[in-house]
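Chains as they are written, first to last, in numbering that gives the first Met the number 0: chain A, 0 to 548; chain B, 0 to 337.
It cannot be assumed that every hint is accurate.
What the hints assert, rightly or not - Derived pair list, reagent style PhoX-like, types lysine-lysine, alpha-carbon separation capped at 25 Å:
1. Lys141/A <-> Lys158/B
2. Lys156/B <-> Lys141/A
3. Lys305/B <-> Lys233/B
4. Lys158/B <-> Lys184/B
In case anyone wonders, no lab produced these hints; they're calculated from the structure.
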Amino acid sequence: MSAEVVQPETRRAWRDPLSVVLAVVLCLPALVPLLVIAHATLSPEAEVWAHLSRYVLPEVTINTLKLVIGVALLSGIVGTLLAWLTSICEFPGRRFFDWALLLPLAIPTYVLAFVAVGFLDFAGPLQSWLREVTGSSAWVPKIRSTGGVIVVLSLALYPYVYLLARTAFLTQGRRALEAAQTLGLGRAAATWKVALPMARPWIAAGIALVCMETLADFGAVAVFNYNTFTTAIYRAWFGMFSVSAALELAGVLLLFVIAAFALERSSRAGARFVSSRDMSRQAARLQLGPAARWGAFAGAALVLALALVLPLLQLLIWSFENIGDIDSRYWGFIARSLVLAGSAAVVIVIASLALAYIERRRSTASIRVLVRLATLGYAIPGTVLAVGIAVPLVLLNNQLQNWLRAWMGESAPVLLLQSTLLAVLISYLARFLTVGFNPVESGLQRVTRNIDEAAASLGVVGGDLIRKVHVPLLRTSLATAATLVFVDVMKEMPITLITRPPGWDTLAVRVWEMTSEGEWERAALPAVAIVLVGLIPAALLTRRGAHVA
Amino acid sequence: MAVRFGVFAPVVGALVLAMGLAGCAKQPSELVVYSARNEQLIKPIFDRYSAESGEKIRFVTDDAGPLIERLNAEGANSQADILMTVDAGELWHAADLGLLQPVKSDVLEANIPESLRDPQGRWFGFSVRARTIVYSTERVKPEELSDYAALGGERWKGKLCLRTSKKVYNQSLVAMLIAEFGEPKTEEIVRGWVANLAAEPFSNDTLLMEAIAAGQCDVGLVNTYYFGRLLRDKPDLPLKLFWADQAGQGVHVNISGAGVTAHSPRSEQARKFLEWLSQPEAQAMFAGQNLEYPASLEIEPDPIVKAWGDFKRSPMNVAQAGELQAAAVKLMDRAGYR
Numbered sequence: 000m001s002a003e004v005v006q007p008e009t010r011r012a013w014r015d016p017l018s019v020v021l022a023v024v025l026c027l028p029a030l031v032p033l034l035v036i037a038h039a040t041l042s043p044e045a046e047v048w049a050h051l052s053r054y055v056l057p058e059v060t061i062n063t064l065k066l067v068i069g070v071a072l073l074s075g076i077v078g079t080l081l082a083w084l085t086s087i088c089e090f091p092g093r094r095f096f097d098w099a100l101l102l103p104l105a106i107p108t109y110v111l112a113f114v115a116v117g118f119l120d121f122a123g124p125l126q127s128w129l130r131e132v133t134g135s136s137a138w139v140p141k142i143r144s145t146g147g148v149i150v151v152l153s154l155a156l157y158p159y160v161y162l163l164a165r166t167a168f169l170t171q172g173r174r175a176l177e178a179a180q181t182l183g184l185g186r187a188a189a190t191w192k193v194a195l196p197m198a199r200p201w202i203a204a205g206i207a208l209v210c211m212e213t214l215a216d217f218g219a220v221a222v223f224n225y226n227t228f229t230t231a232i233y234r235a236w237f238g239m240f241s242v243s244a245a246l247e248l249a250g251v252l253l254l255f256v257i258a259a260f261a262l263e264r265s266s267r268a269g270a271r272f273v274s275s276r277d278m279s280r281q282a283a284r285l286q287l288g289p290a291a292r293w294g295a296f297a298g299a300a301l302v303l304a305l306a307l308v309l310p311l312l313q314l315l316i317w318s319f320e321n322i323g324d325i326d327s328r329y330w331g332f333i334a335r336s337l338v339l340a341g342s343a344a345v346v347i348v349i350a351s352l353a354l355a356y357i358e359r360r361r362s363t364a365s366i367r368v369l370v371r372l373a374t375l376g377y378a379i380p381g382t383v384l385a386v387g388i389a390v391p392l393v394l395l396n397n398q399l400q401n402w403l404r405a406w407m408g409e410s411a412p413v414l415l416l417q418s419t420l421l422a423v424l425i426s427y428l429a430r431f432l433t434v435g436f437n438p439v440e441s442g443l444q445r446v447t448r449n450i451d452e453a454a455a456s457l458g459v460v461g462g463d464l465i466r467k468v469h470v471p472l473l474r475t476s477l478a479t480a481a482t483l484v485f486v487d488v489m490k491e492m493p494i495t496l497i498t499r500p501p502g503w504d505t506l507a508v509r510v511w512e513m514t515s516e517g518e519w520e521r522a523a524l525p526a527v528a529i530v531l532v533g534l535i536p537a538a539l540l541t542r543r544g545a546h547v548a
Numbered sequence: 000m001a002v003r004f005g006v007f008a009p010v011v012g013a014l015v016l017a018m019g020l021a022g023c024a025k026q027p028s029e030l031v032v033y034s035a036r037n038e039q040l041i042k043p044i045f046d047r048y049s050a051e052s053g054e055k056i057r058f059v060t061d062d063a064g065p066l067i068e069r070l071n072a073e074g075a076n077s078q079a080d081i082l083m084t085v086d087a088g089e090l091w092h093a094a095d096l097g098l099l100q101p102v103k104s105d106v107l108e109a110n111i112p113e114s115l116r117d118p119q120g121r122w123f124g125f126s127v128r129a130r131t132i133v134y135s136t137e138r139v140k141p142e143e144l145s146d147y148a149a150l151g152g153e154r155w156k157g158k159l160c161l162r163t164s165k166k167v168y169n170q171s172l173v174a175m176l177i178a179e180f181g182e183p184k185t186e187e188i189v190r191g192w193v194a195n196l197a198a199e200p201f202s203n204d205t206l207l208m209e210a211i212a213a214g215q216c217d218v219g220l221v222n223t224y225y226f227g228r229l230l231r232d233k234p235d236l237p238l239k240l241f242w243a244d245q246a247g248q249g250v251h252v253n254i255s256g257a258g259v260t261a262h263s264p265r266s267e268q269a270r271k272f273l274e275w276l277s278q279p280e281a282q283a284m285f286a287g288q289n290l291e292y293p294a295s296l297e298i299e300p301d302p303i304v305k306a307w308g309d310f311k312r313s314p315m316n317v318a319q320a321g322e323l324q325a326a327a328v329k330l331m332d333r334a335g336y337r
């Protein structure tokens, strides 16, 4: 698969067309649904569209913008700040928070949303208790509000920023800060002028993931009954039975995403990152003053409590009330979740690595556009993407079947590509390629030409260069990519639902079985299982990362 | 990496091939069901049928929308025999796309009332879901309640709780109101509801009832089985059902139902299964699983359900919910019902 990528020097003659072909193949799963969407936008249904633009679009555009900007800011600040504290500074409990702050990654947004609403809404335990004790809960801010959705989504999604920013700070932060300070910059100035800009590709990649998750989110906003593009798409599709209107809305949504990316890219065009291997081992951590030390502790503890500990407690209470649902089948649900998430992580990391190398070696405009497009899959609402992949797969299968029939006649076997694990993995690739690709690309950006040249001068080229020099340099990035994909697939619902072969029920499918008829509290049990299973790789990743640093 | 990958390549290749081939199978004889009714509600039924008939059933669950798209794409190569949903509008939509075939069956026609099946026999309702008024016994007297439209009146200003208009149950209800009153009058009713809301619409019926019990509002609209489930867990909640519109059309009902797919490879077996579903024992089980009402009027509902008393069901054919659903959604958009 990646032979031509790993030994480019020796096969220059056929390298280029082949890497283009490979890039196209890797991007195809994500491109197909985009093409389906683009095609639909060409033939608008005038009547539905007139209705949408008058009664629906103004509200959802404003709501979506508020939500994305709010979540990007809040999760960006929280994630970056916490990463800064745990990787550069010293404060009480730092070693613990360092890995624990990543764990909320394992909580699906829809789960955090229903826990938050269940616990904090008017009829929930908190306000009920307040009314009993004080007679009124009127002063409690409404959880089902714009602010509420933003906070909940930020708590669920900040780990993406935290993880990537942490990687950046760990691999260059303290050393760079020291250098800046020896050059006479104060601590604040050093942070602002050196460490943050150097970490920017990672922070931006983290925030980009958060934005795309937010745009694609249906489960959480539905719990809040907060109308966004995604809910409008579902409503046009399943309420008005207008697939074309739904796809056109998806097209408008994608234009937003493309515009945002273009903006981000152009704002750091020309910047090149030419440092640095992890040399920060010896650099000392920043010692905070007493107030700042305990402020850092309190902040980290608060985020961890709100994003993980309290929700997990509430889920455990609900699970305990429905403990009768547990049976031996749960081993199967867990095993299948693990197999799907594990194999998706392997496939997607390999694909990301291949793409990142192609982009590095042959950074033509067409390849860059291709790669950008392929990573848009993450911003498409899950069900739209699921159908956008499942339907073309089915059509492909039917075509193959017809050929097979023409060739073998009636004795031809029945093809069911759409209900194989292959179909599931291809669909995951479409959705999560960007999750794997972003950290790998960011990592590769710091493996500079100088390093390659230095290695070449020592006679290390081709496969050896990659194995002996790049992979060790990229190890953290690859582990990050694999973990993110693994945990995301664990949480994924719509694609798993539509593409899974019969019998391949996972924990997320189990959550759907319960929530489809509104039994949220019974969904707590599979949700807890998702969180607990997802915690393992998240914990491994950060602990391992801690050793490296 | 290169070396390691070199070792893995054939393994991965073989695995991929095996996964692909796993999809090639001889035409199996077991029935295949695409179901939007969730696993815990249908698996016991399928198991019972398998035990009685020796016939195996394979099924895939998902929301109706994706299942219908998949069925549509699969076309003549589809392995699915039956599409099962929890709403008449979805079945109507599937039939409208030509995905279901007409079934002629004396058994089904005898057991399932006419208003709960497609006039052309492409789908049949197997349980009835009644959507009616729930109220606080502490703050509301039942005499103050009448029909759906009256919930938009002055009496319920700031006292009404509704579930989101995204839920198909509310879309069907409004569609049936359109069928009865026409669009202008229905829009007026819905505007009245929106003006009376005590809180943003809820994402599910259970949260809505808990809000009434906690005092956030006094009345709301729910499917009765949610009420049954909640009261089974918390019998002390001060909530009661009120049968809406008994002086008029009657309570709005929807169905959970099924039809035989247009390209079913086993349409005979599929028909037999649907006939079995319409018979007393299966009917009691299908509805009883979820505290719904059996479609067949001959069958008694579950004792919990029976205790809520008899009521008049709207006699309108549930197919109208599908026909008018898009109009209902647009109307709710215009009325500002989120």
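To see whether the hints hold, each was checked on the structure:
1. Lys141/A <-> Lys158/B: 17 Å, holds
2. Lys156/B <-> Lys141/A: Holds, because 20 Å separates the two Cα atoms, which is no more than 25 Å.
3. Lys305/B <-> Lys233/B: Holds, at roughly 18 Å.
4. Lys158/B <-> Lys184/B: 22 Å, holds
Going through the hint list in order, the structure satisfies each hint without exception.
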